[in-house]
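A.B. asks: In case you want the letters, here they are:
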Amino acid sequence: MLMTQYQRADAAALDELVRRISPKLLRYFSASRSIRHEAEDVLQECWVRIHRSRHTYRSSEPVMPWIYGIARHTSLDAYRKRKRLESHEVQMDTLPELTGESASSIPAPLERLEALIADLPASQREVIVMLKVMGMSLEEVARATSATIGAVKQKAHRAYRTLRLALSKDDNAR
Amino acid sequence: MPGNRHEDEFDRELEGWAAARPDAQVSPETRIRIHNKLSASLVPVNPIPSVKSLTLILFLVFAVCAGSLITIGDKAGFRLMTGRQMLIMAAVLVAGGVIFSFSLACRMVPGSRPGFPMALALMFWGAGMIGGIALLFPWRNSTAFVSEGWPCAVTELSIALAAAALFWVLAQRGALFPDADLGAALVGLSSALALLVLQFRCMFQNVLHLFVWHVLTAAVLIGTGALAARFYRGRRIH
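Read top to bottom, the protein sequences are chains A and B. Using this note's numbering, you'd call the opening residue of the first sequence number 1 and step up by one each time. Using this note's numbering, you'd call the opening residue of the second sequence number 175 and step up by one each time.
Honestly, the hints are just simulated from the structure, not real lab data. Any given hint could turn out to be false.
So, partial list: chain A residues that the calculated Cβ filter (under 7 Å) puts toward chain B [unchecked claim]:
1. Ser22
2. Ser53
3. His55
From the three backbone atoms N, C-alpha and C, an ideal C-beta is built for every residue, glycine too.
So here's chain B without its partners, still in its complex pose (with noise of 0.2 Å):
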C-alpha cells in the first residue's frame, strides 16, 4: 500500500471533502433566464438512431465508398495477390472499419459506452495491418523505391482527405465535442477506407513499400487528425 496513511483514515477524508462541496442552489434569476434562452428556440426535434445503427450506417457508407472507387479504379492488386492475400487483407481492412465506425458512432452520442479505448483499438488494427503484412508479402527491394512509392501515398491522401470530409458531414447529425480520439475515429475511418481502396490498386504488393507508403502514411494522418481535432477544440475556446 502506498504511504502509511490508513485506508480508513484517508477514505473518511474524501468523503469529508466531498460532503463539504458548497450547496448547489441556482438561483431563480439564472434558471429563468436558461429558460427563456432556451424556449426561444424549442422546436421538436427527432431523437438521433441508436449508437449500432449509426455505427451500420458509417460502415455501409464505407462499404459503398470503398467498393466503387475498386470497381472504377485500376486493379492491379486483383493480379498481383493471392487469394489468401486478398482475403486476410480486405478483412483485416474491414476489421477497421467496423471499429472506427462504431468509435466514430460512440462520440456522436454523449454519454454511451465506447466498449474499448481508442489506443487500444488503434494498436491491436496496426498490429493486424503490419502482421499481416509482413507474413503474408514478399521482401523485396526497389531501385525505384520513391518513385514507385509517392503516388500511393498521395492517392491514399486524397481518398482519406474527402472520406474524412464525407464522414465529418455524416457526423455532424451527432453531438460532436472535438477531442483527440474523435480525430483518430474519423481519420482512422476514412484511413481505412483510402488503405483498403489502394490496396487492390497497387501494383507494388511488397512488404517495405505497403510498410512506408500505405501504412505509415496512414498512421501519419490518424496522428494529425488527433491533433487537428485537439488544436481544433483550443482554438474553438479561445
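For reference, chain A alone in the conformation it holds in the complex (with noise of 0.2 Å):
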C-alpha cells in the first residue's frame, strides 16, 4: 500500500517507508564486517537505487524480497569497492586493522563464529544473513537473491557444513 503511494509520488508515504525500513536495511548492511563502519552511507546509496527502480515494484508482489533484491546489489558494490580501496591502501600500508572494529560489537565468544563467517564466500555469507539475522524465509531469500530456493537451501546446507566444521576443528585443538 505505502509503496503504492510512494509510486504516485506520495512524499508522506516515502518518508513513511524510510522511517520502517531504513532500520531493516541498516541491520542488514550492518552484519557485513567489512562494510559496517560505513552502513548509513550504504544505506542511502541504497534508497538511492530503490528511488529509481520503484516503477519495478509491482503491488501482486511481496515488497520486502524487492528491496533486500536491491539491498543485496548496493551491498555487494559496497563491499567491492571497500575491498578494492582496502588493496590500495594496504599496499602504502596507511590501513588501519578493518577487523578489530567488529570485536566491540560482539559478545567474546561469538567473535570465533563471527570471523568464520565473515571467511564464508560472499554468496553463503549473504544467504546465512538474510537467513538468520534478517529472519527471511527461503522464499524471500531466493527472491531476493534471484536464485531458486533449491539453490538457497544449498548455499545455506554448504554454509552451515563449513562453519560446524571449522569450529569442530577449533575444539579439538583446544
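Fit chain to chain and form the complex, with the hints in mind.
C.D. replies: Structure follows, in C-alpha cells:
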C-alpha cells in the first residue's frame, strides 16, 4: 500500500517507508563486517537505488524481497569497492585493521563464529545473513537473491557444514 | 554429519550470533537527508508490467526480428533441410528464445523468482542444440571448412550484437544490476535469435560446420557477454 502511494509521488508515504524500512536495511548492512563502519552511507545509496527502481515494484508482489533484492546489490557493490580500496591502502601501508572494529559489537565467545562467517564465500554469507539475521524465509531469500529455493538451501547447507567443521576443528585443537 | 560438534550447540551459537547484531538505529539526520534527497525527484511512476508480460514482450520482439530477418535474407536452409530438421531446430531455438526472454525479464525486476538457475538453462539449451544437430544432420567433411565457415560466424556475430543492443534498450525499462547472469541472459537471447536466422540461411547444413561456426560462436558470445557484464559492474563501482 505504502509502496503504491510512493509510486504515486506521495511524500508522506516515502517518509513512512524510510522510517519503517531503514532500520531493517541498516541491520542488514551492519551484518557485513567489511562495510559495517560505512553502513549509513550504504543505506543512503540503497535508498537512491530504490527510488530509481521504484517503478519495478508491483503491488501484487511481496515488498521486502524486492527491497532486499536492491539492497543486496548495493551491499555487494559497497563490499567490492571497499575491498578495492583496502588493497590500494594496504599497498601504501596505511590501512587500519578493519577487523578490529567488529570485535566491540560482538560478545567475545561469538567472535570466532563471526570471523568464520566473514570468511565464507559472499554468496553463502549473504544467505546466512538473510536467513538468520533478517529472519527471512527461504522463499524471500530466493526472491531477493534471484535464485531458486533449492539453490538457497544448498548454499545455507554448505555454509553450515563449513562453519560446523571449522568450529569442531577449533574445539579439537584446544 | 561433518565434524563432531553437536547440532543443537551449533544452532544456539548461530542464533546467538544473529541476535547479537548491533542495534540498527538510523539517526534522524540520515533519515532527513534520505528524505530530502529522494523527495527532490519524487514524481509519479507507472509500474512495470509483470514478469510474464515482460517475457511476452521480449519474446515477441525476438519472434518479429527473427521472422523479418529470415524473410528478407537468403533462404538456402529452407531448401537444404528436411521438414523434420526444420521443425526440431526451430523448436530448440525458439525454446532458447523463451528461456532467455524469461531469464532477462526476471533480471529486470528485483525480487522476482527466476524458476531455474541460469547455468542449468544454458546447459539444457546447449544439450538440446548439440543433440539436435548431432542426430539430425549428416557428418560431412569439407575441404573448405574455414572459408565456408567464417562468413557464418561473422553474420551470427553481427546479428547477435545488433539484437543485444536492441534487447539492452528494452531491458532498461527495468532495474538492471549487471552481473554474469544478466550478461548471459541478454546475449543468450540475442544469440538464439542469430542462430535461428542463420539456421535458415546457411547452405552448409552438416554437423561439423553447425557445431563450430554456429554453436561454438554462440557459446563464445554468451561467455563473453557474462564476463563483460561482470567487468562492467566492476568498472561502475570503481
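A.B. asks: Given Ser22(A) as an interface hint, is its Cβ closer than 7 Å to any Cβ of chain B?
C.D. replies: holds (4 Å)
A.B. asks: Please check whether Ser53(A) passes as an interface residue: C-beta within 7 Å of a C-beta belonging to chain B.
C.D. replies: holds (3 Å)
A.B. asks: At a threshold of 7 Å, is the proposed contact between His55(A) and chain B supported by beta-carbon distances?
C.D. replies: holds (4 Å)
Hint compliance for this structure: every hint is met.
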